[in-house]
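Visitor: Chain by chain, the residues run as shown.
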Amino acid sequence: MSEKTILVVDDDIGIRMMMQKLLESAGYRVITGEEGQSALEAALSQRPDMVITDIDMPVNDGYKTIQMFRRDSEFQAPVIVVSGVVDIRDAQLVLDAGASAFFQKPVDQAALLSKVSELLTEG
Amino acid sequence: MLRTYAIRDSRVVETPGGPISVHVAPGEAERRFLVDSCRIDEHTLASALDPDELARLEFEPDHAAIIYKRPRNYSGKDGVQFKVISGGIFLFKDRIVIVQAEDIALFEGKQFNRVSTLPEVMLKLIYRSIFHFLEHLKIVNSITVELEHKINEAMENRYLINLFGLEKSLVYYVSSINSNDLLVEKIKYNAAKFGFTPEETEYLDDTIIENKQCGRQAEIYSNILASMMDARASIVSNNISVLVKTLNIITIGIMVPTLVVSIFSMNVRLPIGEAHPLAFWAVMGMAVVALAIFMYFWWRKKW
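Heads up: the protein sequence lines correspond to chains B and D, in order. So the first sequence is residues 1291 to 1413, counted in my numbering. So the second sequence is residues 4 to 306, counted in my numbering.
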């Protein structure tokens, strides 16, 4: 597998580390960000192949972050949202904002890896 | 929620009516079925769903009841805290009933690449939980390292609170792994009752060794975290002291020239009259000299 880069954005250090370990064990290169603004900067400078982000974050929340990604015509990498929100309307909102998939925390690791692989193959 | 599985081609696959049934957070009707039809003891069933219950092995007339501990999937809801849950495995002669409070992927990982018997499924579930603990320990260690870096520059308690959460998690992990240790030892003593094959007995021995290593690792991480906690709190406190010192230098640095200027602002006869053409520059010069003397004094004292 060619090494694809995934940007993981979550203000919870535990989730970031979990995702990092999971994705690295699957052969991906992982860069991390703590909130939306730094994620955007990382995305613009490092051009990851995919972004996995939380919704509830300081500075710029997940919705704003996705919208900012989508406004950048050069950055069209798929975005997966992993969030603790339980409301189905929130899930629909992030999908409407331009996310490719939505997962609820605690995330089903096998399902997430499968989705990551599927979206990266499509891209 | 009920899902059933069967062993096919040495793998556990979801099969309607299969001999492996998994009950996730069983409702009242499902519980009644488990108690009345499967003859599972009500108290043991409650233990399988209680996160605070200790691991144990009990023999009933037609089945063996195993309560074991496993890590809860990390959700980040309770801050940086890793928690444990209990699970129940009820091994009958021709089927196995698994009861758990949360929907966790049970038959994933390399452990389940080759399975042939129901007792082996039971052993591999326990082994899988040990593996899960080990995975979480690695993550706890990585988080600790990152938090340590952040604490070196931190002036707030957020990272310390995260470390306290990890410390608490490790205490729970050590307790749960020790509890699982007693369980696997007890399974070994009762191997004849289970009728394990030589391969299964060997696998059980490996499980015991792996669990002991996991327990030692958790204890070491827990001890390191606990013993360094005071030092880390001191670093945060010291960082605040350094900040306060810097602010003091700035404040006093501003106060000294202000004093000089204030003296020359008094409504009394002054040595330099206001009509003097260099009066302003003389006062400013004295203020700068006073500031320079203060800075030199500070530098000499190495404060």
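There could be a bad hint or two in this list.
Here are the simulated lysine-lysine pairs, BS3-like style, with alpha carbons at most 25 Å apart [said to hold, decoys possible]:
id: 1; chain 1: B; residue 1: K1311; chain 2: D; residue 2: K113
id: 2; chain 1: D; residue 1: K141; chain 2: D; residue 2: K171
id: 3; chain 1: B; residue 1: K1294; chain 2: D; residue 2: K141
id: 4; chain 1: B; residue 1: K1405; chain 2: B; residue 2: K1311
id: 5; chain 1: B; residue 1: K1395; chain 2: D; residue 2: K215
id: 6; chain 1: B; residue 1: K1405; chain 2: D; residue 2: K80
id: 7; chain 1: D; residue 1: K189; chain 2: B; residue 2: K1311
id: 8; chain 1: D; residue 1: K80; chain 2: D; residue 2: K171
id: 9; chain 1: D; residue 1: K196; chain 2: D; residue 2: K86
id: 10; chain 1: D; residue 1: K153; chain 2: D; residue 2: K86
id: 11; chain 1: B; residue 1: K1311; chain 2: D; residue 2: K191
Note that these hints are calculated values from the structure, not bench results. Keep in mind it's a predicted model, so treat the numbers as computed, not measured.
Visitor: Determine for every hint whether it applies to the structure shown.
Guide: Against the structure, the hints:
no.	hint	verdict
1	B:K1311 x D:K113	holds (17 Å)
2	D:K141 x D:K171	holds (16 Å)
3	B:K1294 x D:K141	holds (23 Å)
4	B:K1405 x B:K1311	holds (17 Å)
5	B:K1395 x D:K215	violated (31 Å)
6	B:K1405 x D:K80	holds (23 Å)
7	D:K189 x B:K1311	violated (34 Å)
8	D:K80 x D:K171	holds (15 Å)
9	D:K196 x D:K86	violated (33 Å)
10	D:K153 x D:K86	holds (24 Å)
11	B:K1311 x D:K191	violated (33 Å)
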